[in-house]
Amino acid sequence: MARVVVDVMLKSEILDPQGKAVHGALPRMGFSGISDVRQGKRFELVVDEVDLDKINAIAETLLSNPVIEDYAVHVETAVGEVDQ
Amino acid sequence: MKIGVVTFPGSLDDIDAVRAIGFAGADAVSLWHGDRDLMGVDAVVLPGGFSYGDYLRCGAIARFAPIMDTIVAAAEGGMPVLGICNGFQILCESHLLPGALIRNDHRKFVCRDQRLRIDNANSAWTTSYEAGQEIVVPLKNGEGGYVADESTLDLLESEGRVVARYLGANPNGSMRFIAGISNERGNVVGLMPHPEHAIEDLCGPGTDGLGFFTSVMQSLAVS
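Protein chains in written order, with my numbering: chain A, 1 to 84; chain B, 1 to 223.
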């Protein structure tokens, strides 16, 4: 078994009101020097075997909407190895 | 004439849609997301609400409900389908309509009586209106900002597929003030405002919304 991570982010040209809201809160908290915040989604899939074609199909059809979002796939760990 | 209304887990306005169809003079048929059978309906309404709690993206999970396989095939075959609010989001996720709906640019839920202009009175759902007619129906959404790339927007405009546009201040950041669009054939329409809440004088801002439902009856009668 392995853990595959799919990161989904709004495309750069798509407005991200949630990221803007987070960004707006930072100066109020005293954090300066942060010029932008974009908010995305992270999915962790535990898979029996790493089949990237299948993962890409899942990422394209369900996890992301290609009209407004990009995704990136990372094979993170073999789950069994970590548990040991 | 039978018009189906699909109930998904989290649908909110299915009962109002059923009522509006009845007011227009058609028979409303309640359809269930987990079925595949359209029960012989002539047209389908995907109602507003928060299907699957808006988890993942609005409409993203509803799009894979069993009944959507049948609806997508029927829509591609020419059956009239109207998606209202969450229904519009489902139609975009299904790729029956181009573009997507994102969070309102001002980050607040909007709930108001909204002035619209009907730009296309030839779609299956707008023949009861005159092109250019102004109507008022409720608008209530958190993720109603219509977005698409420039070439798609230009195509929609050049083919007359912008069905309705917001008048006055842009309520949600929709590109080019787009409130509703249709597919190329004109049988599939997605609309962010809620005509089903404006069908009688008892409540709502008037009866301007009824035309969407009488339109589809006319369209079906002549086809």
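In short, the hints are calculated from the structure, not lab data. Treat the hints loosely; a few may be bogus.
To be verified - Pairs of lysine-lysine, DSSO-like flavour, derived with a Cα cap of 30 Å: (1) A/K20 with A/K41; (2) B/K140 with A/K41; (3) B/K108 with A/K20; (4) B/K140 with B/K2; (5) B/K108 with B/K140; (6) A/K41 with A/K11; (7) A/K11 with B/K2; (8) A/K11 with B/K108; (9) B/K140 with A/K20; (10) B/K108 with A/K41.
30 Å Cα cutoff - pair B/K108, A/K41: holds (21 Å)
Hinted pair, alpha-carbon criterion (30 Å max): B/K108, A/K20. Please report holds or violated. holds (13 Å)
Does B/K140 lie within 30 Å of B/K108 when you go C-alpha to C-alpha? Holds, at roughly 11 Å.
B/K140 and A/K20 were given as a pair; does the straight-line alpha-carbon distance stay at or below 30 Å? Given pair B/K140, A/K20 holds - Cα atoms ~22 Å apart, limit 30 Å.
Run the distance test for B/K140 versus B/K2: straight-line Cα separation, threshold 30 Å. holds (27 Å)
Satisfaction of hint between B/K2 and A/K11, Cα-Cα up to 30 Å: Violated: A/K11 and B/K2 sit about 41 Å apart, past 30 Å.
Quickly compare the C-alpha distance for A/K41 and A/K11 to 30 Å and report which way the hint goes. holds (13 Å)
Is A/K20 close enough to A/K41, meaning Cα to Cα at most 30 Å? holds (16 Å)
Can the restraint linking A/K11 and B/K108 be considered satisfied, given a maximum Cα separation of 30 Å? Holds, at roughly 22 Å.
Given hint A/K41 paired with B/K140 - CA-CA distance at most 30 Å: holds (26 Å)
When held up to the earlier numbered hints, the structure conflicts with hint 7 and nothing else.
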